[in-house]
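Chains as they are written, first to last, in the numbering used here: chain A, 37 to 443; chain B, 37 to 443.
Where hints are given, some of them may not hold.
It does not matter which identical chain is meant; a pair holds if it fits inside one copy or across any two.
As the list claims (entries may be wrong) - Within a straight-line C-alpha distance of at most 25 Å, the following computed DMTMM-like cross-link-like pairs (lysine to aspartate or glutamate) qualify:
1. Lys-118 / Asp-213
2. Lys-38 / Asp-168
3. Lys-433 / Glu-382
4. Lys-320 / Asp-91
Derived from the structure by calculation, the hints contain no laboratory data.
Protein chains: 2
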Amino acid sequence: MKKNAIVGQSGGPTAVINGSLYGVVSEGLKQAEKIGQVYGMINGIEGFLAGRCMDIGALSETNELEYVKTTPGSYLGSCRYKLPESLSDPVYPELFKKLEEKDIGYFFYIGGNDSMDTVSKLSRYAAGINSDIRFIGIPKTIDNDLVHTDHTPGFGSAAKYVGTTVREIATDAMVYDNKQSVTIIEIMGRHAGWLTAAGALARKFEGDNPVLIYLPEVAFDQDAFIAKVKESLKSTPNLVVCISEGINDGKGKFICEYASDVGVDNFGHKMLTGSGKYLENLVKEKLGVKVRSVELNVCQRCSSTLLSAADLDEAVNAGIHGVQAALSGETGKMVTFIRQPGSSYELSYGTADVNLICNEEKPVPQDWITQDGSDISEEFIAYALPLIQGNVAIPEKDGLPIFAYRK
Amino acid sequence: MKKNAIVGQSGGPTAVINGSLYGVVSEGLKQAEKIGQVYGMINGIEGFLAGRCMDIGALSETNELEYVKTTPGSYLGSCRYKLPESLSDPVYPELFKKLEEKDIGYFFYIGGNDSMDTVSKLSRYAAGINSDIRFIGIPKTIDNDLVHTDHTPGFGSAAKYVGTTVREIATDAMVYDNKQSVTIIEIMGRHAGWLTAAGALARKFEGDNPVLIYLPEVAFDQDAFIAKVKESLKSTPNLVVCISEGINDGKGKFICEYASDVGVDNFGHKMLTGSGKYLENLVKEKLGVKVRSVELNVCQRCSSTLLSAADLDEAVNAGIHGVQAALSGETGKMVTFIRQPGSSYELSYGTADVNLICNEEKPVPQDWITQDGSDISEEFIAYALPLIQGNVAIPEKDGLPIFAYRK
Numbered sequence: 037m038k039k040n041a042i043v044g045q046s047g048g049p050t051a052v053i054n055g056s057l058y059g060v061v062s063e064g065l066k067q068a069e070k071i072g073q074v075y076g077m078i079n080g081i082e083g084f085l086a087g088r089c090m091d092i093g094a095l096s097e098t099n100e101l102e103y104v105k106t107t108p109g110s111y112l113g114s115c116r117y118k119l120p121e122s123l124s125d126p127v128y129p130e131l132f133k134k135l136e137e138k139d140i141g142y143f144f145y146i147g148g149n150d151s152m153d154t155v156s157k158l159s160r161y162a163a164g165i166n167s168d169i170r171f172i173g174i175p176k177t178i179d180n181d182l183v184h185t186d187h188t189p190g191f192g193s194a195a196k197y198v199g200t201t202v203r204e205i206a207t208d209a210m211v212y213d214n215k216q217s218v219t220i221i222e223i224m225g226r227h228a229g230w231l232t233a234a235g236a237l238a239r240k241f242e243g244d245n246p247v248l249i250y251l252p253e254v255a256f257d258q259d260a261f262i263a264k265v266k267e268s269l270k271s272t273p274n275l276v277v278c279i280s281e282g283i284n285d286g287k288g289k290f291i292c293e294y295a296s297d298v299g300v301d302n303f304g305h306k307m308l309t310g311s312g313k314y315l316e317n318l319v320k321e322k323l324g325v326k327v328r329s330v331e332l333n334v335c336q337r338c339s340s341t342l343l344s345a346a347d348l349d350e351a352v353n354a355g356i357h358g359v360q361a362a363l364s365g366e367t368g369k370m371v372t373f374i375r376q377p378g379s380s381y382e383l384s385y386g387t388a389d390v391n392l393i394c395n396e397e398k399p400v401p402q403d404w405i406t407q408d409g410s411d412i413s414e415e416f417i418a419y420a421l422p423l424i425q426g427n428v429a430i431p432e433k434d435g436l437p438i439f440a441y442r443k
Numbered sequence: 037m038k039k040n041a042i043v044g045q046s047g048g049p050t051a052v053i054n055g056s057l058y059g060v061v062s063e064g065l066k067q068a069e070k071i072g073q074v075y076g077m078i079n080g081i082e083g084f085l086a087g088r089c090m091d092i093g094a095l096s097e098t099n100e101l102e103y104v105k106t107t108p109g110s111y112l113g114s115c116r117y118k119l120p121e122s123l124s125d126p127v128y129p130e131l132f133k134k135l136e137e138k139d140i141g142y143f144f145y146i147g148g149n150d151s152m153d154t155v156s157k158l159s160r161y162a163a164g165i166n167s168d169i170r171f172i173g174i175p176k177t178i179d180n181d182l183v184h185t186d187h188t189p190g191f192g193s194a195a196k197y198v199g200t201t202v203r204e205i206a207t208d209a210m211v212y213d214n215k216q217s218v219t220i221i222e223i224m225g226r227h228a229g230w231l232t233a234a235g236a237l238a239r240k241f242e243g244d245n246p247v248l249i250y251l252p253e254v255a256f257d258q259d260a261f262i263a264k265v266k267e268s269l270k271s272t273p274n275l276v277v278c279i280s281e282g283i284n285d286g287k288g289k290f291i292c293e294y295a296s297d298v299g300v301d302n303f304g305h306k307m308l309t310g311s312g313k314y315l316e317n318l319v320k321e322k323l324g325v326k327v328r329s330v331e332l333n334v335c336q337r338c339s340s341t342l343l344s345a346a347d348l349d350e351a352v353n354a355g356i357h358g359v360q361a362a363l364s365g366e367t368g369k370m371v372t373f374i375r376q377p378g379s380s381y382e383l384s385y386g387t388a389d390v391n392l393i394c395n396e397e398k399p400v401p402q403d404w405i406t407q408d409g410s411d412i413s414e415e416f417i418a419y420a421l422p423l424i425q426g427n428v429a430i431p432e433k434d435g436l437p438i439f440a441y442r443k
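All chains should be modelled from the sequences, with the hints used to inform the complete structure.
What follows is the structure, given as structure tokens:
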């Protein structure tokens, strides 16, 4: 008997989270003999609970679904709603009643760690009440920190953005190469340094900028940092340093929190400044050289111009594979990427128990980080390079990208 | 009699300043019956005085000159060196002796306002000593604030970057559209608001984000701003605001300076924070909504990915036209862009007396700014759109752009 499908997006967006949405919707429509309507929940599970839902399958009647594929942000809107730990909470029967009203048989949730927690709870509740609704998680995160998958959709495009942009900024930073300067680039990643490591892709030759790269996986020592910067300036007068927003002292304190020890703004609030800004002030104070900090900010996760074709393809495939897994009877699973052994890059798709994923984080391996913690190794480059290959032609009008949006 | 040419770059780079360098060098090489060597001064006039010079014409023997064309930053390096006001300063004979040693007949300087001041002084000194060296300025600035030219090379690509990136950030900002939020985007331009105005290009429909745009040409009233944000949130719950880094109170004080009235960092220094960060704190305090600020920073001037094909073409042509002007006997001139009247965009190239340019600034016309100073008009869109057209295919390797650099 034909059932309907529903798809939602949750957590912070990536440049390809809508690629996975496209994959789910297009495959859902293709499987018309097994799937009826394809619905989209607006603002994730939170919006769905409030009755917000759309017929996203209908987008295929115009160009809109094609536009969705390369539009940054979350087309359906997102939420940061955590379902209650106790499966006897009344929200569960309420939610399943709403799912049954829409005759849902297949539920797809595109997101990171927290979204997999939602998939876990819903599939466990379903098992408890003998519901036959199948729950599948589609991974996404620029942080690349999900376990049981080689990498996550969204990381490749963010890494391409970081590699390209750090190379551009380093080129810009060279223009006064008769004077010393330090440029500190702050990159997203609170707990895992994968994206910051992608700064290494920017190097054009051995010893090129960024000379120093600091990840949150290693305790950050401020004195050692200053000594390293001082030493590096001797061979690289216009020094570029990449740091993760999440660098910390190894004792549970973020480096950016050192700034707020003293600074207070106009309104008497503690100054909230990034780690980059804090280190900018530190270098200025200790070394007296010209220094600036650049925060790459949300552009890392929403640049459509620097989409990686490999990443977008895999994101779409993740959505397609999720639908196929659900149809073949799987539930409580997340789609995973399996890299085939060997020197050429080949990827296959699988699934893993979502319960093994939702409360874990995958850091950059310690042996991919150099001994003094100021650089990453060639293993990372070999791992990351296949993920940033290829460009995507974005539909354009008047010199600007066309993005889909809900009217 | 055949003379040599020399070219330099000065001031902050743009995404196409190397396009103009390419234009000068390729045209210089093409005019081989009139021009001998084509030299490049390293780090502008300051480096040249220190004897730093290269045979840039030789780059055409490999792919390197083609790579230069689309490389951000200043390939030759830059300087911020101001020649003395008094033409009787000993630096002038020293400089001309060095020019004569290299048998220079043609001198090209690619830069903004201050660089045109250099061209002015050198051409006036040359007239005084009856030197026949010809001095030509090639304009560049993302600020678009040079007079006697319709626009400047570098502005189009920066405007394309701003239009695209603001559209991407606005799309990202929409994902929690069931909650109120304010995103403040800080755009370069200390005195002229041209680039900030380009934020308006991001709108996909009337009333779309960025709903508010503030330029330095209008005195910024903090109370009026808060009232406007509050009002705008009613119709646009995820509000995006573009501000120029140079917004000021109209009495000579930048808005960012209000922050440093109180804030002091760890080292007892006044906190230097941008206008965006200051307004982020202000909105948080006054309206209590979720707010973040994003500084587009140097990416505005060094993004090769978002090069405008129109801008790059014109930048190359500006270099070519400069060489042709020098060969036809002109000196003490800057290359200018003349937009032909009519509805279709057509550009011709001319020259103007560099003395009329070097100490002037061109603001955005007051009648292109809406009455309450919170938006710009359709005239600006019509002016800017032709300048952001077309994409440039950047040579690539391993998924990243190839950039030229001096070994």
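Okay, the hints, checked on the actual structure:
1. Only between protomers do Lys-118 and Asp-213 lie at most 25 Å apart by alpha-carbon distance; the minimum there is 18 Å, versus 51 Å within a single protomer.
2. For the homomeric pair Lys-38 and Asp-168, the shortest alpha-carbon distance inside one copy (13 Å) is at most 25 Å, but the shortest distance between copies (87 Å) is not.
3. Proximity of Lys-433 and Glu-382 under a CA criterion of 25 Å is satisfied inter-copy only: 20 Å between copies versus 35 Å inside one chain copy.
4. Taking CA atoms no more than 25 Å apart as the test, Lys-320 paired with Asp-91 passes in neither setting, with 55 Å inside one copy and 37 Å between copies.
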